[in-house]
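*Asks:* What follows is each chain in one-letter form.
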Amino acid sequence: MSAEPVFVAVYTVLLLAVVGVLEFQRRQPTSAWDARVFTGYRRAVPDAPRPADPADWPHSEVGRFHVVLSLFISAIALVLVAAELVRHHRPLESAALVAAASPHALVAYRYLRHLRPHRGPHGQDARRQDQQPQEGP
Amino acid sequence: MGTSDATAQDTTGGRRARMIGRGWVQAAVLVTAVGFLVLGLLAVRTYQAEPPIPDRVVTSTGRTLFTGDDVREGQRAFLRNGLMEYGSIFGHGAYLGPDFTADYLHRSAESVNKQYGDDTSSSSDAHTRTVEDFRTNRYDERTGTLVWSPAQGEAFEQLTGHYADLLGRPEGKQGLRPNAITDPADIHDLTAYFGWSAWAAAAERPGKSYSYTNNWPSESLVENEPTGHTVLWSVLSLIFLLVGAGGLFAAFGRWNFLGWHGSDQRTLRFHAPGAVRLTPAQRTTGWFFFVMAALFLVQTLLGSATQHYRADLGSFFGIPLDEWLPYNLTRTWHTQLAIFWVVTSFLAIGIFLAPLISRGWEPAKQALLSRLLLGALTVVVVGSLLGEMAGMRGWLGGLWSWFGNQGWEYLDLGRVWQVLLVAGMAVWALILFRGLRRRLATESVANMPWLFFLAALALPAFYAVGLLATPNSTYTTADFWRFIVVHLWVEDFLELFTTVTVAYLFVLLGVVRERVALAVIYLDIVLYSAGGVIGTMHHLYFSGEPAEHLALGATFSALEVVPLLFLTVEAWSFLQLGARRHSPSSTPFPHRWAVMFLAAVGFWNFLGAGVFGFLINLPIVSYYEIGTGLTANHAHAAMMGVYGMLAVGFAVFALRYLIPEHRWSDRWPRLSFWSLNLGLAWMSFATLLPGGALQLYKVLDAGYADARSLGYLRGPTNTFLEWIRLPGDVVFIVGGVLPLLWMTWLGIRHRTTAARLPDAPEQELLFTEVVPADVEGHAAEADDDGVPAGQEER
Ligand SMILES: [Fe+2]
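Each protein sequence line maps, in turn, to chains C and H.
Those letters in the first sequence? Residues -14 to 122, per this note's numbering, in order.
Those letters in the second sequence? Residues 153 to 946, per this note's numbering, in order.
Heads up, some of the hints might be wrong.
Covered, in the sense of this in silico footprint (three residues per stretch, anywhere, with C-beta under 8 Å from a C-beta of chain H), are these stretches of chain C [to be verified]:
id	region
1	-4 to 8
2	48 to 59
Going by beta-carbon spacing under 8 Å, a handful of chain H positions derived as facing chain C [unchecked claim]:
id	residue
3	359
4	362
5	392
6	869
7	876
Hints in this document: simulated from the structure, not taken from any laboratory.
For every residue, glycine included, the Cβ atom is placed at its ideal position computed from N, Cα and C.
For reference, chain C alone in the conformation it holds in the complex:
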């Protein structure tokens, strides 16, 4: 087994970790009231405003940004592995590469499904609203 497929396989696993971090980031609250800068504020004001609804723009975009980015990272992993399989495909090498890539395929599939409903009415709505003819002040 030559060094290159080993490296690609290891790097592919590393990209899986990147996807994991992005997933973690996606789940972080984006509401300003939850931000660390405002810790003191929250203590000072017991009657803090309600946190933002994650469905509200722009918070709604955070999820999509991270999902699309993760999807792209998985795509990079799959392209890397596919190209590497063309270059090195002895049985052991192929097995290692396919093993490293398969979680990415799974992740990509799940994210693709996740994206579809989000692309639906909500996103459309926002756009249409933006394009409405508007009257002046």
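Since the structure of chain C is already known, use the hints to place chain H with the ligand on it.
*Replies:* Frame of chain C, contents of chain H with the ligand only:
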């Protein structure tokens, strides 16, 4: 740091009083002043402790190898021929060609070892003698003479032949144009320059057990290894980072930093873009943004040509590209344009914002001045780029450094162009001053209009520092001043201008209260200055500076990560305020995509500047890593990710007003947004990160010189990784840059004709505040933070 002592309504001497607590201003001034004081001391130490250039280098048998003038002339030849955009010295420069310091050191040590019996095992006699030759500092300060061993002299002769072959090859194929440097005198001087830098890299400083470059590069033949300082300050800087982050974390919990006492209950009506009348100067920014997008396109195309050389040095799909556009020229243009197009956008947004800040007031001839500025800027950009080509080809004779290329990476442009660029930015600051002067006269210097103007003023001021680096400066001092521009100007003052501008945009849109924005700006100044000013030294660990630069640079630049940890939420905090769920605007928010680009800035600030930057920041990592693909990874993700996205975001913001409503479509910014972000992510994760990691491994495995050699870069694995980024680059250029160019074209083609009349009443241009009826009674007593608690709409 309470803010309760300031009230917005107070005025002193006709000026609106400071809107923020005095503590903030004092802290900002103090932190910045201390930073610059230390920086000044480090500048002095640079001149005291840089590696000396001997008057002459002779062998112990009395033969003169080269003189100090040869070394200085060699540096000029190095810069004149654009070799710093091909390879590097002390790790700084371009990454296709060799690091000439490490390359010379390795090759000459190999030669000396061979002459002594060709045995590289660490216990052998040949090895001991080689190490002795290179590490013993036989420079006599009194006579100005440096003595080399006859074997080192012999190596010098051999390497003169080697560099003659590498740099003057008739067929090229190494990244330079064919027959690039053929003059034997030039080759001799260049070899002398490389030889001098290699000497400084291995010879021990007087009284110290490490070399002038803190033992960089890693080279086993001369026992160059990381110094104790390198290891120690790596560990200490990590501890500093943890303490700094922890301290700030505790502080955030203790104080109500932003001084809010209640939530904001204004109801806004955003003015529809079609209803906003632009001033004549604002309308000229359409051309600025078009020029910006055009420069951006050229920059990315040159980037792909540059990248092509890394993937395939031999040919460009059969076209003899290297004849006219060799690697060192495309890379020069690529790095210069990266600065130019971003700055163009910054200048434009400044001109666009000034009338908004002045509530629609604009002095006469402002548009004319702006047009002249753009014209002059275009002349400087085109002139400097062509000059670089002419300079490298030797067409300018003795004027090469004036009109051609001074050659220091990022400050490549000729001196005349450099002065003109500084002057242009100064004129821009003047234009802003004209536009703002009425407003400035009525404001405390600590308030936003002044901060905006001062931040703008810092742009020409700190770019001008680059004038201190000339082709005649010694390498170490030139590098010091160069990084005042590359680090302090870009990473700190552009960052400051960015923060002020973005904050002001939100204030002008009415979604953020002025005092909140001010608090964020001051927090930003304090945090970025605390780490960033002295942190400039993190670029100078190994460029001939003494160990204190390494120690302070490592420690303070680690602190630079702290604001990135905390302030990336700032973008989102603004957005939260912008979302105003419970006080909805009756008209939609018009800047969805501009805000998306700003959010992308936050993301890349964290990933590109924070993560990828810190990855290579520790001295011990930098020692092996400097000049490898991981530096390029950080550079691209941070420069494009932060400043590139920001420049595009500014353009999208202004274009929303420049393009008439019925011509505007969200399709173009959406396509551009996703393509730029994903293309950049692809560039980073498909090629730069894995390629850089592999190259770093190679440094550890086979030494620095080997990992930076053309042989390694042309190896199958690296070539494979270089090619794999092609799809991402296509997405970036076709899907990202072209739609942007199209949008900016629409901004000129259909530029809104409705201009604001000069005598129109002053007003907030972008929104109208609607005070709800039940709050109206309290509005007068409410301070600027918003209405008292209890009035919140639930
Ligand atoms: Fe830096």
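*Asks:* Decide, hint by hint, whether the structure agrees.
*Replies:* Against the structure, the hints:
no. : hint     : result
1   : -4 to 8  : holds (count 3)
2   : 48 to 59 : holds (count 5)
3   : 359      : 44 Å, violated
4   : 362      : 33 Å, violated
5   : 392      : 19 Å, violated
6   : 869      : 5 Å, holds
7   : 876      : 6 Å, holds
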